[in-house]
Amino acid sequence: MSHPPDRPEILDSDHLSTRTREILTSRLSVSTAQPRTLSLRAYAILDALLPVLLPLDEILPDSTDIAMTVRIDAALSGPRDGWRFADLPPDAEAWESALLTLDDVAAEQHGLAFIHLAPDLRGALLDAVMDGQIGLEHDGRLTASQMKRWSGDLRGEVVDCIMSDPRIQQALGISSSLTGGDTVFQGFTNVGPDSRESFEPKATAPLLQMADSSE
Amino acid sequence: MSNSPLMKTFAETDIVDALIIGSGAGGAPLAAELARNGKSVVVLEAGPAFPATGHTPDEVAARELYWLHERLSAGTNPQAFGGNNSGTGLGGSMLHYGAFMPRMDARDFHLHTETGKGVDWPFGLDELLPYIERVESFIGVSGPAHYPWDPERRYAYPPPPANSAALKMREGCDALGLRHADGPAALITRDIEQPHFGTRHACANCGACHQGCRNGAKSGTDNTWLPMAVAYGAELRPGCFAHTIERDSSGRVTGVVYRQNGVEHRQKCASLVLAAGAVETPRLLLTNGLANNSGQVGQNYMTHVSTQVWGEFDEDIRPNRGYPSLTITEDMMRPKDADFVGGYLVQSLGMMPATWGQNLARSTTTRGPAFARALAGYNRSAGMGINGECLPRPENRVTLSDEKDAFGIPKPLIEHSYGPNEWAMHHHAARLLTQMWEAVGAKDIRVIDRAAHMIGTCRMGTDADSNVVNPVGRSFDIDNLWISDHSIFPSAAAANPALAIMALSLRTAEAMLKV
Ligand SMILES: Cc1cc2nc3c(=O)[nH]c(=O)nc-3n(C[C@H](O)[C@H](O)[C@H](O)COP(=O)(O)OP(=O)(O)OC[C@H]3O[C@@H](n4cnc5c(N)ncnc54)[C@H](O)[C@@H]3O)c2cc1C
Ligand code: SF4
Numbered sequence: 001m002s003h004p005p006d007r008p009e010i011l012d013s014d015h016l017s018t019r020t021r022e023i024l025t026s027r028l029s030v031s032t033a034q035p036r037t038l039s040l041r042a043y044a045i046l047d048a049l050l051p052v053l054l055p056l057d058e059i060l061p062d063s064t065d066i067a068m069t070v071r072i073d074a075a076l077s078g079p080r081d082g083w084r085f086a087d088l089p090p091d092a093e094a095w096e097s098a099l100l101t102l103d104d105v106a107a108e109q110h111g112l113a114f115i116h117l118a119p120d121l122r123g124a125l126l127d128a129v130m131d132g133q134i135g136l137e138h139d140g141r142l143t144a145s146q147m148k149r150w151s152g153d154l155r156g157e158v159v160d161c162i163m164s165d166p167r168i169q170q171a172l173g174i175s176s177s178l179t180g181g182d183t184v185f186q187g188f189t190n191v192g193p194d195s196r197e198s199f200e201p202k203a204t205a206p207l208l209q210m211a212d213s214s215e
Numbered sequence: 216m217s218n219s220p221l222m223k224t225f226a227e228t229d230i231v232d233a234l235i236i237g238s239g240a241g242g243a244p245l246a247a248e249l250a251r252n253g254k255s256v257v258v259l260e261a262g263p264a265f266p267a268t269g270h271t272p273d274e275v276a277a278r279e280l281y282w283l284h285e286r287l288s289a290g291t292n293p294q295a296f297g298g299n300n301s302g303t304g305l306g307g308s309m310l311h312y313g314a315f316m317p318r319m320d321a322r323d324f325h326l327h328t329e330t331g332k333g334v335d336w337p338f339g340l341d342e343l344l345p346y347i348e349r350v351e352s353f354i355g356v357s358g359p360a361h362y363p364w365d366p367e368r369r370y371a372y373p374p375p376p377a378n379s380a381a382l383k384m385r386e387g388c389d390a391l392g393l394r395h396a397d398g399p400a401a402l403i404t405r406d407i408e409q410p411h412f413g414t415r416h417a418c419a420n421c422g423a424c425h426q427g428c429r430n431g432a433k434s435g436t437d438n439t440w441l442p443m444a445v446a447y448g449a450e451l452r453p454g455c456f457a458h459t460i461e462r463d464s465s466g467r468v469t470g471v472v473y474r475q476n477g478v479e480h481r482q483k484c485a486s487l488v489l490a491a492g493a494v495e496t497p498r499l500l501l502t503n504g505l506a507n508n509s510g511q512v513g514q515n516y517m518t519h520v521s522t523q524v525w526g527e528f529d530e531d532i533r534p535n536r537g538y539p540s541l542t543i544t545e546d547m548m549r550p551k552d553a554d555f556v557g558g559y560l561v562q563s564l565g566m567m568p569a570t571w572g573q574n575l576a577r578s579t580t581t582r583g584p585a586f587a588r589a590l591a592g593y594n595r596s597a598g599m600g601i602n603g604e605c606l607p608r609p610e611n612r613v614t615l616s617d618e619k620d621a622f623g624i625p626k627p628l629i630e631h632s633y634g635p636n637e638w639a640m641h642h643h644a645a646r647l648l649t650q651m652w653e654a655v656g657a658k659d660i661r662v663i664d665r666a667a668h669m670i671g672t673c674r675m676g677t678d679a680d681s682n683v684v685n686p687v688g689r690s691f692d693i694d695n696l697w698i699s700d701h702s703i704f705p706s707a708a709a710a711n712p713a714l715a716i717m718a719l720s721l722r723t724a725e726a727m728l729k730v
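Protein chains in written order, with our numbering: chain A, 1 to 215; chain B, 216 to 730.
Worth flagging that the hints you see were computed from the coordinates, not collected in a lab.
A few of these clues could be false.
Unchecked claim - Only part of the chain A face toward chain B is listed, based on derived beta-carbon distances under 10 Å:
no., residue
1, R19
2, E58
3, D62
4, V159
5, G180
6, E200
Note that the Cβ used here is the ideal one computed from N, Cα and C, for glycine as well.
Let the sequences and hints guide you as you build the complete structure.
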């Protein structure tokens, strides 16, 4: 079984434009100094929440940390996507309030801060949020219906972070960044089923090994 | 293009014949047509001029093509904007549109006469057809040699190759006895010299149409109408956000105040054309308190019912490859077993990974290893999606919210809720598309309930009491104010909209030339 190296091979493909290579490469190294958007408390809650929402151990080798929490926190202060649900406050505020709501509910229900809960209890709380069962009715916190809406934003943000990461693209065998180089815009010659071109990555994720070996 | 040393420029004190706000499907054809007929034209575009070679398939970075001034979404089906429903830059939303280019069905012009629901257009397909054909031939549209639902129709370019999703949808149609064809796609499949622009290359099947086409294959306004406008003396001004419409004592428009690089400018004009799209056009009219004697500005906001159904296959599908949405069936334009009025088009769907993952993430609540496995199924996934009629409803509208944006202007609030007709169509399509995928062995079939496109809000019609503009796009209240964009559609119709918007734009230009 081969694992993606620290620098995914797709970054060295001549089917990648210089601009796209720079964008993807910038995601490999992120500064982990201080949270940019969230308070330290909310940041720690997000950090404890992400692994129960989307564990990556079956996709990436254990040693690979793609710094999801840092990147999501930073993305919340960057350009957003141009809209939000009218019943949620602006994104940065919504995320802070949602994460603190989760913490307060953890304390109420289990007498422990969210970050100290066992993973299955964290997961159960997240399930209840997605079901619209958890919320608080005071200032600086979100109601159950707001929490449910926010959980969609949370899921979407996590997916943006994952699917745009070159290590994940390499591990899942995704060739979407390889549309063409600067001087030659190759595109794809083969576009039908079971016709991977030689420059396209093969999946290396452990959970795809079985499937891929049949190729 | 905008920096071209050859581009004519106007002084702000010049009274230009036509000042156009927005350079997308509605603004650009009209700019070209007026300029070609000797009118002085300035186009104000809020977004930048993007060089095509700089587009990137990276979905996060490609957000630069979206309208990023925040919109507030409400109602029981709050609509996602950003990537799904907005665009900015010289070229408008067509910089990252999907280039699926069906013609409007003749029946959709007369939905009210046919069914007693919805509204009729003030004219029929025969009126719009000559303009549609002009648009198709000028921008370049590919399609099949024989179009099953309109045997007379001809396309100038053969279709691009069918990708995995397109092939799978063909099988699904065959299994259920539906007709299918390669759909009309606004892209070229051989290199050409585009008049006033230069070389456009054949489609390379890169699959990144929604992130901007890097080789000029996709027919946008940036590589067709806008260079033509410039060649005939129009000035394009990117990076100019228009906010204030000025008038004289008789109420006629005299000019527009806009902000460029933080500085306010004023351009004088003899006539003003709003082509800012179905959210920003009503927002401009509402913030300026204009052209609303009918009370209809911002009303009857519509979308398309855009249900998607995805499935996983045993083969390596690689949904990022090839033109994303080639196969079409028009057999559902008036299904016999319909419990709704109007109809829908079905198209195959490939998709880039983050967009696909977003759909998956927002339409399910799986988490943990199951969520990781679902995302890892990307390379085995193919989709189909619909575009269907959405009836105008009073509760769906664009109004001004209490929140202000960075310019101090109220953010738009868009309320959008499906009514019984939209839900019935959604369920019909969800059933049919699921059956099609089941018939060809797809697993983990997932229905995504979503709406797309921004339609209505400045309705066109014959009666000044219930419409904002007349049948050629002229304001009933202010005779030198025109609207040319998606906001004037009286009904949504099923077809993807860009073709009809461009055709109407040429028609409005013609009317302006007669004034
Ligand atoms: C992701 C996506 C895929 C699509 N796929 C298809 C498809 O396959 N087929 C199809 O037919 N249609 C498709 N569409 C829809 C189509 O692109 C739009 O319907 C069409 O472009 C709308 O034309 P418009 O002129 O109304 O607005 P736009 O094309 O959006 O142009 C409006 C322009 O006005 C500018 N503007 C707005 N406000 C101001 C202001 N105050 N000052 C200055 N400038 C301003 C904006 O920046 C923008 O450039 C798609 C749209 C999207 C977003
Ligand atoms: S698939 Fe073709 S039309 Fe679409 S972006 Fe790629 S080259 Fe352009």
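- Tell me if V159/A is really an interface residue toward chain B, meaning its C-beta lies closer than 10 Å to one of theirs. With a closest approach of 4 Å, the V159/A hint holds.
- Message: Checking hints one by one. Is D62/A an interface residue toward chain B, by the C-beta closer than 10 Å rule?
- Response: This hint is violated: D62/A lies away from chain B, its Cβ roughly 14 Å from the closest one there, beyond 10 Å.
- With a cut-off of 10 Å on the beta carbons, see whether R19/A makes it to chain B. Because about 5 Å separates R19/A from the closest Cβ in chain B, which is inside the 10 Å limit, the hint holds.
- Would the stated hint for E58/A survive a check requiring a Cβ distance to chain B of less than 10 Å? Hint holds; E58/A Cβ to chain B Cβ min 6 Å, cut 10 Å.
- Interface hint status, E200/A versus chain B (Cβ within 10 Å): Interface hint status for E200/A: holds (7 Å vs cutoff 10 Å).
- Task: Against chain B, run the beta carbon of G180/A and see if the smallest gap drops under 10 Å.
- Result: G180/A check passes; min Cβ-Cβ to chain B is 6 Å, inside 10 Å.
Hint compliance for this structure: hint 3 alone is broken.
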